[in-house]
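Engineer: Letter by letter, the sequence shown follows residues 927 to 1177 of my numbering.
Source of the hints: derived by calculation from the structure; they are not laboratory data.
Every residue gets a Cβ at the ideal spot worked out from N, C-alpha and C, and that includes glycine.
A couple of the hints might just be wrong.
[As the list claims (entries may be wrong)] Computed spacing ranges between beta-carbons, pair by pair: (1) Asp996 x Gln1136: 20 to 30 Å; (2) Ile1055 x Glu1123: 45 to 55 Å; (3) Gln1136 x Lys972: 18 to 28 Å; (4) Lys938 x Lys1058: 39 to 49 Å; (5) Asp940 x Ser1000: 20 to 30 Å; (6) Ile1055 x Ala989: 16 to 26 Å; (7) Pro1043 x Lys1119: 18 to 28 Å; (8) Val1124 x Glu1014: 23 to 33 Å; (9) Leu928 x Lys1053: 20 to 30 Å.
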Amino acid sequence: TLIAGPVEQVLKNDKLPADAREQLVVVERNTNRMLRLVNQILDFRKIQNKKMKMQVQQLNVVAFVRKIMDNFESVAEEHNIDFLFQTEKEALNLWVDADKFEKIVFNLLSNAFKYTPEKGTILISVKVINAKLEVKVYNTGKGISKENIPLIFNRYSVLDNIKENSIKGLSSRNGLGLAICHSMVELLQGIIKVESEVNQYAQFTVTLPQLEITENSSQKQEDVPKLIQKNSMNRQELENATAGDKCAQPE
């Protein structure tokens, strides 16, 4: 925050030289990446120490997912990706933990965009089956080999092609993101499954039960948009910020 605040203020200066602005944008991007990584580490430690608490509230998950998707619209347009949303109803008011649900969906979408090629397809669907919320994130692309699927939830598995990522100017994942994603799903008493065909597609399916209200359910409905606004980023920021928190799709 001590770095990001002043940088943000300087970038508001219309008279800032182009070269200086370009460098400051890099500083801002890396600061956001560092902040996101720190938050991931804090979340991971809380989960390990069983200190992570749930904040359950009633939420229109359809509208909530649409707002998360808004962060990726410019990326989809820039790379000619068909970014689709599928739902049977325009409103599904369910009891969930908004913060953890947002992290799960955002993480999976970030991963999907990283591994979807030009003119590819990303589809996210939301529906209720047998009183349980089901969210699917599907993307065309390199996919995941069958032998690697059991490893992708392992905190210490690095499955990306390091040489390939180096050529692209990307960093390999550190394993935190998917481990946290998996732990968040378990914390919400749900399950996450993966289906894939190499060089065809990958699909993550998250199934969550409706949670009961607890003493910690103090988060207000009007606070929900704040969870989403902080995650808005462009393509380069997406590639850098998710380098340490994406779900790997190795060859």
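Engineer: It remains to establish, for every hint, whether it holds in the given structure.
Structural biologist: Structure-based check of each hint:
{"no.": "1", "hint": "Asp996 x Gln1136: 20 to 30 Å", "in the structure": "holds (25 Å)"}
{"no.": "2", "hint": "Ile1055 x Glu1123: 45 to 55 Å", "in the structure": "violated (23 Å)"}
{"no.": "3", "hint": "Gln1136 x Lys972: 18 to 28 Å", "in the structure": "holds (23 Å)"}
{"no.": "4", "hint": "Lys938 x Lys1058: 39 to 49 Å", "in the structure": "holds (46 Å)"}
{"no.": "5", "hint": "Asp940 x Ser1000: 20 to 30 Å", "in the structure": "holds (22 Å)"}
{"no.": "6", "hint": "Ile1055 x Ala989: 16 to 26 Å", "in the structure": "holds (20 Å)"}
{"no.": "7", "hint": "Pro1043 x Lys1119: 18 to 28 Å", "in the structure": "holds (24 Å)"}
{"no.": "8", "hint": "Val1124 x Glu1014: 23 to 33 Å", "in the structure": "holds (31 Å)"}
{"no.": "9", "hint": "Leu928 x Lys1053: 20 to 30 Å", "in the structure": "violated (44 Å)"}
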